[in-house]
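Asks: Below, each chain spelled out in residue letters.
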Amino acid sequence: MLFRSNAKNQTREVDQAGWGRTFGATVVSLIYFFPVLIIIITAFKEHTDALAVPAKLFPDFLSFIVPEGLTFKPTFDNFVHVFSRSYSAGAAAQDTGFDRFFFNSIFIAGFSVLLALFIGTLAAFGFSRYPLKGNDTYLFVILTTRMLPAIVVIIPVMLMFRVTGLSGTYTGIILLYTAFNLPFTIWMMKSFFDELSPDVEDAARIDGSSERRVFFKICLPQVLAGLAATAVFGLILTWNEFLFALLLTGVETRTVPVAMSQTIGGDIGVRWGLLAAIETLFLIPVILVTFFLQNQLLRGVTFGTVKR
Amino acid sequence: MKTTDTPSSSGNALFTPSWSNWLGALIVGVVATVISALVLPAITTLWIAGAASALVAVTAVVNAWGRYIGGLLIAPAIAVLVVMNIFPLLWSLGLSFYNYRADRQTLRFIGFRHYERLINDPVVWDRLTTTATLVVLTVLVQMIFGFLLALLFAKQFPLRRYLLILVLTPMMLSYVAVGAFFRYYYDPTFGLVSQVANLFTDEPYVLISSTGGAIAAIVIADAWMWAPFVMLLVLAGLVSVPKYLYEAAAVDRVPAWRRFQSITFPYVKGLLMLALLFRTIEAFKLFDIVFILTDGGQSTETIALYVYRQAIQFNKTSYSASLSYVLLFTVIVLTNLYLYLANRRAKEG
Numbered sequence: 006m007l008f009r010s011n012a013k014n015q016t017r018e019v020d021q022a023g024w025g026r027t028f029g030a031t032v033v034s035l036i037y038f039f040p041v042l043i044i045i046i047t048a049f050k051e052h053t054d055a056l057a058v059p060a061k062l063f064p065d066f067l068s069f070i071v072p073e074g075l076t077f078k079p080t081f082d083n084f085v086h087v088f089s090r091s092y093s094a095g096a097a098a099q100d101t102g103f104d105r106f107f108f109n110s111i112f113i114a115g116f117s118v119l120l121a122l123f124i125g126t127l128a129a130f131g132f133s134r135y136p137l138k139g140n141d142t143y144l145f146v147i148l149t150t151r152m153l154p155a156i157v158v159i160i161p162v163m164l165m166f167r168v169t170g171l172s173g174t175y176t177g178i179i180l181l182y183t184a185f186n187l188p189f190t191i192w193m194m195k196s197f198f199d200e201l202s203p204d205v206e207d208a209a210r211i212d213g214s215s216e217r218r219v220f221f222k223i224c225l226p227q228v229l230a231g232l233a234a235t236a237v238f239g240l241i242l243t244w245n246e247f248l249f250a251l252l253l254t255g256v257e258t259r260t261v262p263v264a265m266s267q268t269i270g271g272d273i274g275v276r277w278g279l280l281a282a283i284e285t286l287f288l289i290p291v292i293l294v295t296f297f298l299q300n301q302l303l304r305g306v307t308f309g310t311v312k313r
Numbered sequence: 030m031k032t033t034d035t036p037s038s039s040g041n042a043l044f045t046p047s048w049s050n051w052l053g054a055l056i057v058g059v060v061a062t063v064i065s066a067l068v069l070p071a072i073t074t075l076w077i078a079g080a081a082s083a084l085v086a087v088t089a090v091v092n093a094w095g096r097y098i099g100g101l102l103i104a105p106a107i108a109v110l111v112v113m114n115i116f117p118l119l120w121s122l123g124l125s126f127y128n129y130r131a132d133r134q135t136l137r138f139i140g141f142r143h144y145e146r147l148i149n150d151p152v153v154w155d156r157l158t159t160t161a162t163l164v165v166l167t168v169l170v171q172m173i174f175g176f177l178l179a180l181l182f183a184k185q186f187p188l189r190r191y192l193l194i195l196v197l198t199p200m201m202l203s204y205v206a207v208g209a210f211f212r213y214y215y216d217p218t219f220g221l222v223s224q225v226a227n228l229f230t231d232e233p234y235v236l237i238s239s240t241g242g243a244i245a246a247i248v249i250a251d252a253w254m255w256a257p258f259v260m261l262l263v264l265a266g267l268v269s270v271p272k273y274l275y276e277a278a279a280v281d282r283v284p285a286w287r288r289f290q291s292i293t294f295p296y297v298k299g300l301l302m303l304a305l306l307f308r309t310i311e312a313f314k315l316f317d318i319v320f321i322l323t324d325g326g327q328s329t330e331t332i333a334l335y336v337y338r339q340a341i342q343f344n345k346t347s348y349s350a351s352l353s354y355v356l357l358f359t360v361i362v363l364t365n366l367y368l369y370l371a372n373r374r375a376k377e378g
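Chains G and D are the protein sequences, given in the same order.
Residue numbering for the first sequence follows this note's numbering, starting at 6 and increasing by one per position.
Residue numbering for the second sequence follows this note's numbering, starting at 30 and increasing by one per position.
The reader is advised that the hints may include incorrect statements.
[What the hints assert, rightly or not] Straight line, CA to CA, 30 Å or less: simulated DSS-like cross-link-like pairs of lysine-lysine: (1) D:Lys376 x G:Lys138; (2) D:Lys272 x D:Lys376; (3) D:Lys298 x G:Lys312; (4) D:Lys184 x G:Lys312; (5) G:Lys312 x D:Lys376.
These aren't lab readings, by the way, just hints derived from the structure by calculation.
Keep in mind the model is a prediction, meaning the values are calculated, not measured.
Make the full structure from the sequences, and use the hints.
Replies: Here it is in structure tokens:
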């Protein structure tokens, strides 16, 4: 069990319901998931199939139960074309730059989350164990910077980046995303530190352990699962972020959401199959994370303010 | 740092060159920066200011080492936030009193003129009304569907864990991806939503071409994305209801509606309130999905999108800075309320 801190939740008595409820929930869940499912299906369609009326929803290997007109022939072309395709009929295939954009998304998110995790965990430990005068005020200001509309922060940051020449560089966007992830990391990690029982720590302090030892040998090992959850949540938040990336990344540092929004750009001639393939690739990590973090999801989406 | 109210241990020696003399470093740094601002070009001043702050930081750390652990631990975080958030925000507050435009060189102090203008600007009020409409509708729809989903998943049943993932996924998606999905579904000719609508009416159904339709389109997409969030919070409340209360109610033959009203609802109320506030804050800054779905067309331009337009497309930097302070103020009030309720809940539980 990766996330131990949640074990006590499961011992709580919850009413049991049988397979009848499973059936109802399955129907509802599938309807709810339908929009995502359609995109994944569309990613395997040829361009003309993606635009077909009535919609062809089923791959052709299901044709023994589905009428002829509703099936399409699955193809992997879209996934290949995400990375390399010819822009006019007959021309040689060109690199679309999407390998670069995916790399940028991973690199920028990874780097900034690591930085934020390092700085934020220290700060969270400080806020949790050595409250300052006006501790709550600091925490409130920190959370507010995260709650602000992105546009409020971006206007002055753009000016600042223009003056310092950070616009369009990895350094600039990574710094900004570190600041973007920091409030989340601090609140999240503080909620984990607050939950630890102080007894062991106090015992260690009485035995003469240094504060550094208390942090590294006692506190940190207990919140490793929380650290992992925080990191993964930060990765997803950064991975999905759009406005900062739109305004502060250049051609070289562009991330996937920005590139994706530019693919939708013109109304006419959007290649929906291709777009769906980009989205599918973009979604895979998100869906995996949702699966593995299910128990920490509540805490994650509320920045650690609601634990159970 | 606030906690360092006694300066270095060496007492009165303010100008002693020592690695722990942070106050001396601060004074030297400020003096150097002011002098260079007067005589040197701006870019050099920036470097000098940077070097001075680094020196102050180093001396402050040396001074605090081993004594003010709390301050030392949070200092890096505070520094990053000050550089990347607080300082830019103060800068834009300053700018809002000038007539600065990013595409021109002029800079003239005009005091509160921008604020007077935005209060009297009917366009701003119109955008605020649009935003309010969207916030009320989308939050309402989310709350209703979130609640219903939570009731469905409140019991333990086979495969529950896997089915929950299907429902929770939308919440984790990127606004851009969701916007792109729904652009495809709303497409007038081959979009799925249009095709379904065509079964009932012969008219070509173009959802995004009317104001009502465009608002509905945004609300559907946003509510689909965030109803799982409400569900998650309500679920936490439902699970926390002690089972014996229901057992007692069953013994007393309390009708289902009364049972919900007097047992279930009180346990969910607090979390419902938190969900409401959290989603209101988030919906208030609705930007990405509108940007992708309608780009503000059919009078769906939210206030965030309006500020974006003013700042980025029309280069009205100062005016948009003053506008953004209206947003900032609103969000601060809402966040405060949210934290108050969250803390109260944490203390009770």
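Asks: Decide if the proposed pair is consistent with the structure: lysine 184 of chain D and lysine 312 of chain G, CA atoms, cutoff 30 Å inclusive.
Replies: Roughly 20 Å between the alpha carbons, so the hint for lysine 184 of chain D and lysine 312 of chain G holds.
Asks: Does lysine 138 of chain G sit within 30 Å of lysine 376 of chain D, going by the straight-line distance between their CA atoms?
Replies: Judged against 30 Å, a Cα distance of about 21 Å means the pair holds.
Asks: For the pair supplied as a hint, lysine 312 of chain G and lysine 376 of chain D, is the alpha-carbon distance within the 30 Å limit?
Replies: holds (12 Å)
Asks: Just to be careful, I want the Cα atoms of lysine 272 of chain D and lysine 376 of chain D compared with a cutoff of 30 Å; is the pair within it?
Replies: holds (22 Å)
Asks: Taking 30 Å as the top limit, are the C-alpha atoms of lysine 298 of chain D and lysine 312 of chain G close enough?
Replies: Roughly 16 Å separates the two Cα atoms, so the pair holds.
The structure shown violates none of the earlier numbered hints.
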